[in-house]
Amino acid sequence: MATLHTRSAARLMIAPSVLLLLAWMIVPLAMTIYFSFLRYNLLMPGMEEFAGFSNYSYFLTDPAFFQAIFNTLAIVLGVLFITVVGGIALALLLDQPMFGQGIVRILVIAPFLIMPTVAALVWKNMFMNPVNGLFAWVAKLFGLQPFDFLANAPLMSVILIVAWQWLPFATLILLTALQSLDEEQKEAAQMDGAGAWSRFIYLVLPHLSRAITVVILIQTIFLLSVFAEILVTTNGGPGTQSTNLTFLVYAQALLQFDVGGASAGGIIAVILANIVAFFLMRMIGKTLEA
Amino acid sequence: MARNVSTQRKIVVTVVAWTIGILIFFPILWTFLTSFKTEAEAIASPPSLFFFDWTTENYHEVQSRSNYFLHFMNSVVVSFGSTLIGLIIAIPSAWAMAFSPTKRTKDVLMWMLSTKMMPSVGVLVPMYLMFRNTGLLDTRTGLVIVLTLINLPIIIWMLYTYFKEIPGEILEAARMDGASLSKEIIYVLTPMAIPGIASTLLLNIILAWNEAFWTLNLSAAKAAPLTAFIASYSSPEGLFYAKLSAASTMAIAPILILGWFSQKQLVRGLTFGAVK
Chain A
1 MATLHTRSAA
11 RLMIAPSVLL
21 LLAWMIVPLA
31 MTIYFSFLRY
41 NLLMPGMEEF
51 AGFSNYSYFL
61 TDPAFFQAIF
71 NTLAIVLGVL
81 FITVVGGIAL
91 ALLLDQPMFG
101 QGIVRILVIA
111 PFLIMPTVAA
121 LVWKNMFMNP
131 VNGLFAWVAK
141 LFGLQPFDFL
151 ANAPLMSVIL
161 IVAWQWLPFA
171 TLILLTALQS
181 LDEEQKEAAQ
191 MDGAGAWSRF
201 IYLVLPHLSR
211 AITVVILIQT
221 IFLLSVFAEI
231 LVTTNGGPGT
241 QSTNLTFLVY
251 AQALLQFDVG
261 GASAGGIIAV
271 ILANIVAFFL
281 MRMIGKTLEA
Chain B
1 MARNVSTQRK
11 IVVTVVAWTI
21 GILIFFPILW
31 TFLTSFKTEA
41 EAIASPPSLF
51 FFDWTTENYH
61 EVQSRSNYFL
71 HFMNSVVVSF
81 GSTLIGLIIA
91 IPSAWAMAFS
101 PTKRTKDVLM
111 WMLSTKMMPS
121 VGVLVPMYLM
131 FRNTGLLDTR
141 TGLVIVLTLI
151 NLPIIIWMLY
161 TYFKEIPGEI
171 LEAARMDGAS
181 LSKEIIYVLT
191 PMAIPGIAST
201 LLLNIILAWN
211 EAFWTLNLSA
221 AKAAPLTAFI
231 ASYSSPEGLF
241 YAKLSAASTM
251 AIAPILILGW
261 FSQKQLVRGL
271 TFGAVK
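As they're listed, the protein sequences go chains A and B. Take the first sequence: its position 95, counting from 1, is numbered 95 in this note's numbering, and each next residue is one higher. Take the second sequence: its position 5, counting from 1, is numbered 5 in this note's numbering, and each next residue is one higher.
One chain only, chain A, in its complex shape:
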């Protein structure tokens, strides 16, 4: 069907997006790599000089860096654990026959549609605030001392807020996958005397495995760069207790004006994300063949 004529037309139609994305991918990234080898501070313009790997060695020996790597992993793993386990449970629940299923679905999806700054500020002020927050009121109701979430458990608080935002994503995708499970298969298993638990382990879970993998990979990509939630709640603190890699690079660049150091940090973040992306791309690539 494709003649020579339509083929060159097709190339012309694809060209703009390819060129734009190529530029977007290569130009800034090349600049970041270049900057990462410079001693370059915005407060001292004209003093740029080649610095070799010193930005990298500075970054890689900074205690804040290891804290940031730890925090990044804690956020990714913590949120993944809550959202995947919670998502499976919620999806199984929402798949049952009930009254007003559509409305419950709408309620559950809602947090995902909230912009990150709103979600984080609402949680920070109206729930986690140790004086006026709702949690403090509930604690006092039970005669307990209110807990200052953001001062005493900043990382956990950030994880909770981000998990609240991503739980709907996991639920929605797992529910969609669950609904494609053949009813007859479930009935057949039931007829053969499989209990609810063994049906879940041997039938439902294997069916969901693909969707679970997709959820884990896509969330990881986004969770590696959590930013707004940290900026408006803890600002990375106290100290660097809730600073992740993205926030550390931001602080280095736009608060310390250290272009070279921030660029080296950025490149490290790119390398980390690429490791995850590699697996994700293989997953999605397989679906193209199907």
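In case anyone wonders, no lab produced these hints; they're calculated from the structure. One or more hints might be untrue.
[Said to hold, decoys possible] Ranges of calculated distance between the beta carbons of each label pair, as one might list FRET restraints:
no.: 1; chain 1: A; residue 1: 15; chain 2: B; residue 2: 191; range: 38 to 44 Å
no.: 2; chain 1: B; residue 1: 183; chain 2: A; residue 2: 8; range: 18 to 24 Å
no.: 3; chain 1: A; residue 1: 189; chain 2: B; residue 2: 191; range: 26 to 32 Å
no.: 4; chain 1: A; residue 1: 189; chain 2: B; residue 2: 110; range: 55 to 61 Å
no.: 5; chain 1: B; residue 1: 46; chain 2: A; residue 2: 186; range: 45 to 51 Å
[Said to hold, decoys possible] Residues of chain B placed beyond 12 Å of chain A at every Cβ, according to the derived structure:
no.: 6; residue: 16
no.: 7; residue: 50
no.: 8; residue: 66
Cβ coordinates follow ideal geometry from the N, Cα and C atoms, glycine included.
Given chain A's structure and the hints, the job is docking chain B onto it.
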């Protein structure tokens, strides 16, 4: 008897599911309710759920104090602008890849997707410097450019998966009946492509509206969309719960409504067609 048991079960499931649903939704409901309280009632102990003097004063205050409408319009311009430009660039590409695929189409698609995997922070420094040097910092134009680029791969992918579902035979049938290429496009393809384009549009407006890395880093007072404007409440200003709530309610309401209408497309778009 069996029927009786299943009704009972249905009621139990309903109660449990509604309870959990309302708990998850509660922070949003609470924000909505607080936006109609006075500042004193907003921090009153014990808090009142529905029985307070409803007032719309906060909404007026937010507008008069901080020119809320400007930031709202920034959000509208940036999210619609970036999505529309993205669609104009993406439709021909997705179309070509879906209807005259070559050996390399798959590689091109995968490569486009891989640009989406690059963490924004990896290019924060050069983007900031380029924007500063070209005067794009804190302009709507600048934000539209960045958001178009970061969402372009998703737009192309979504359109591609939708176009792919349009059966090729229908084109051949039209051609056999003597339709010219232009007629083919206007009468046969466009009507079949519109639902897919509409879903793509919807999802990307949601994503662009909520984008909170570039908007926070590349905008200040002038071009700040709502994401960045609300972030300014992280200062002590945020202690005015009722006003924070009013500003938040107005910022999230339009997208909540759009999102509820596009639940299905959400799954598809966000998983790049891997889960339908």
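We went through each hint and held it up to the structure:
For the pair residue 15 (chain A) and residue 191 (chain B), the beta carbons lie near 27 Å from each other, so the given range of 38 to 44 Å is not met. For residue 183 (chain B) and residue 8 (chain A), the Cβ-Cβ distance of about 22 Å falls inside the hinted range of 18 to 24 Å, so the restraint holds. For the pair residue 189 (chain A) and residue 191 (chain B), the supplied restraint of 26 to 32 Å is violated, since their beta-carbon distance comes to about 43 Å. A C-beta distance of roughly 37 Å is found between residue 189 (chain A) and residue 110 (chain B), which places it outside the suggested range of 55 to 61 Å.
Checked against the hint of 45 to 51 Å, the pair residue 46 (chain B) and residue 186 (chain A) passes, with Cβ atoms roughly 47 Å apart. Its beta-carbon lying about 7 Å from the closest one in chain A, residue 16 (chain B) breaks the requirement of being farther than 12 Å from that chain. Listed as outside the interface, residue 50 (chain B) is consistent with that label: its C-beta sits roughly 15 Å from the nearest C-beta of chain A, beyond the 12 Å cut-off. Residue-level check passed: residue 66 (chain B) sits 15 Å from the nearest beta carbon of chain A, beyond 12 Å.
Of the numbered hints stated above, those contradicted by the structure are hints 1, 3, 4, 6, listed in ascending order.
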